[in-house]
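Student: With my numbering applied, the sequence shown covers 91 to 467.
If you are wondering where the hints come from, they were derived from the structure by calculation, not from laboratory data.
Heads up, a few of these hints could be off.
FRET-style restraints, in silico, Cβ to Cβ [claimed, not checked]:
hint, residue 1, residue 2, range
1, Ala453, Thr93, 44 to 54 angstroms
2, Ala319, Arg210, 48 to 58 angstroms
3, Ala322, Ala182, 31 to 41 angstroms
4, Ala239, Thr93, 37 to 47 angstroms
5, Ala289, Arg143, 16 to 26 angstroms
6, Asp409, Leu244, 36 to 46 angstroms
7, Leu180, Asp409, 24 to 34 angstroms
8, Trp290, Ala453, 32 to 42 angstroms
Glycine included, each C-beta is placed from N, C-alpha and C at the ideal position.
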Amino acid sequence: MTTVRVDLGARSYEVRIAPGLIGRAGAEIAPLLRRPRVAVVTDETVGTLHLPRFEAALAEAGIASIALALPPGEATKGWAGLQRTVEWLLAAKVERRDVVVALGGGVIGDLAGFAAAILRRGVRYVQVPTTLLAQVDSSVGGKTGINTAQGKNLAGAFHQPSLVLADTAALDTLPARDFLAGYGEVAKYGLLGDAAFFAWLEREGPAMAAGDAGARAHAVAVSVAMKAAIVARDETEEGERALLNLGHTFAHALEAATGYSARLLHGEAVAAGCALAFDLSASLGLCPPEDARRVRAHLRRMGTVADLAAIPGDLPDPDALIALMEQDKKVIDGRLRFVLARGIGRAFVADDVPREAVRAVLAAALAGRGAGAARAG
Numbered sequence: 091m092t093t094v095r096v097d098l099g100a101r102s103y104e105v106r107i108a109p110g111l112i113g114r115a116g117a118e119i120a121p122l123l124r125r126p127r128v129a130v131v132t133d134e135t136v137g138t139l140h141l142p143r144f145e146a147a148l149a150e151a152g153i154a155s156i157a158l159a160l161p162p163g164e165a166t167k168g169w170a171g172l173q174r175t176v177e178w179l180l181a182a183k184v185e186r187r188d189v190v191v192a193l194g195g196g197v198i199g200d201l202a203g204f205a206a207a208i209l210r211r212g213v214r215y216v217q218v219p220t221t222l223l224a225q226v227d228s229s230v231g232g233k234t235g236i237n238t239a240q241g242k243n244l245a246g247a248f249h250q251p252s253l254v255l256a257d258t259a260a261l262d263t264l265p266a267r268d269f270l271a272g273y274g275e276v277a278k279y280g281l282l283g284d285a286a287f288f289a290w291l292e293r294e295g296p297a298m299a300a301g302d303a304g305a306r307a308h309a310v311a312v313s314v315a316m317k318a319a320i321v322a323r324d325e326t327e328e329g330e331r332a333l334l335n336l337g338h339t340f341a342h343a344l345e346a347a348t349g350y351s352a353r354l355l356h357g358e359a360v361a362a363g364c365a366l367a368f369d370l371s372a373s374l375g376l377c378p379p380e381d382a383r384r385v386r387a388h389l390r391r392m393g394t395v396a397d398l399a400a401i402p403g404d405l406p407d408p409d410a411l412i413a414l415m416e417q418d419k420k421v422i423d424g425r426l427r428f429v430l431a432r433g434i435g436r437a438f439v440a441d442d443v444p445r446e447a448v449r450a451v452l453a454a455a456l457a458g459r460g461a462g463a464a465r466a467g
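Input sequences plus hints: build the corresponding full structure.
Tutor: As structure tokens, then:
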């Protein structure tokens, strides 16, 4: 087992990474409990795959559990899903000293974490991420929240988990499309600050996609270690943590434009957003054009979304997409903030990007340049 510590003083916690953690979750969680009882929030798909084994592991450690299974998909991460979750937890008489468990992907982790943050002004929770995206990104760092009609994650709170259990064997149960969606977040870590890791991904990414357990565990561990270090230095995104948003300004606008639907998964949007961020950087003369081409070529090779042409259905025009970006949490004093790059592994935050440059990059992408990207699933 690889253990990564998120160092936040009295609120520090461990991210434990290994195959089989769901099957021994009771022993891992028991030391946190003041009474042997947890409330598990999951979704119907994950519940079918993993909940019986998770509950059995809890029972083996003498821990009673109750579970709520919500509909799968990004649409659950809204006001209605939050209300249902909070009212269920209240009806179950979950107390401030209890623990809520988020068993699932990023949607469940964000939603259950936000519910725990506001329930009785703060209840502890444990993340048990079952998707690649959740294991490398959303389960670590304490960002919780829901989507609103105005945009992505606009209601939420920083609420750190007490423990993260990343069972890498759970990745074997993912459909190819879901695994590759999470890959966009993995590639992001190499692109923002570790060129050697990105080069490793170029070599080993296909093996990861094919099921290489060692490669998957290594990619999760490296990604988590990088995020944990950044979060420890900048928990509430006052500075360096903003680098973790590489590709996300574009991504969140694309998700809103596609209605947070199965047309475009969050990780797919991040992959497309990373490619666009490098296109924008190259167009501004910040990074070599060959770096932007290298990013897109790798994402295409992996079979995730590298081009807007790979997104089914119509998309808004550049001005409408920019209007969606203006609702983003990262807007400061009305200025859009982008994470740009001076090269692979050399990202930085910019809030003085000319709108015309953004519009031109979007117009080129919407015109179908780079068409022919494939999407798995």
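Student: Against this structure, judge whether each hint is valid.
Tutor: Taking the hints in turn, this is what the structure says about them:
1. Ala453 <-> Thr93: 44 to 54 angstroms: holds, 47 angstroms
2. Ala319 <-> Arg210: 48 to 58 angstroms: violated, 32 angstroms
3. Ala322 <-> Ala182: 31 to 41 angstroms: holds, 33 angstroms
4. Ala239 <-> Thr93: 37 to 47 angstroms: Roughly 40 angstroms apart at Cβ, these two residues keep to the hinted range, so it holds.
5. Ala289 <-> Arg143: 16 to 26 angstroms: About 37 angstroms separates the Cβ atoms of Ala289 and Arg143, which means 16 to 26 angstroms is violated.
6. Asp409 <-> Leu244: 36 to 46 angstroms: At 21 angstroms between Cβs, range violated.
7. Leu180 <-> Asp409: 24 to 34 angstroms: For Leu180 and Asp409 the Cβ distance comes to about 44 angstroms; the hint is violated.
8. Trp290 <-> Ala453: 32 to 42 angstroms: holds, 34 angstroms
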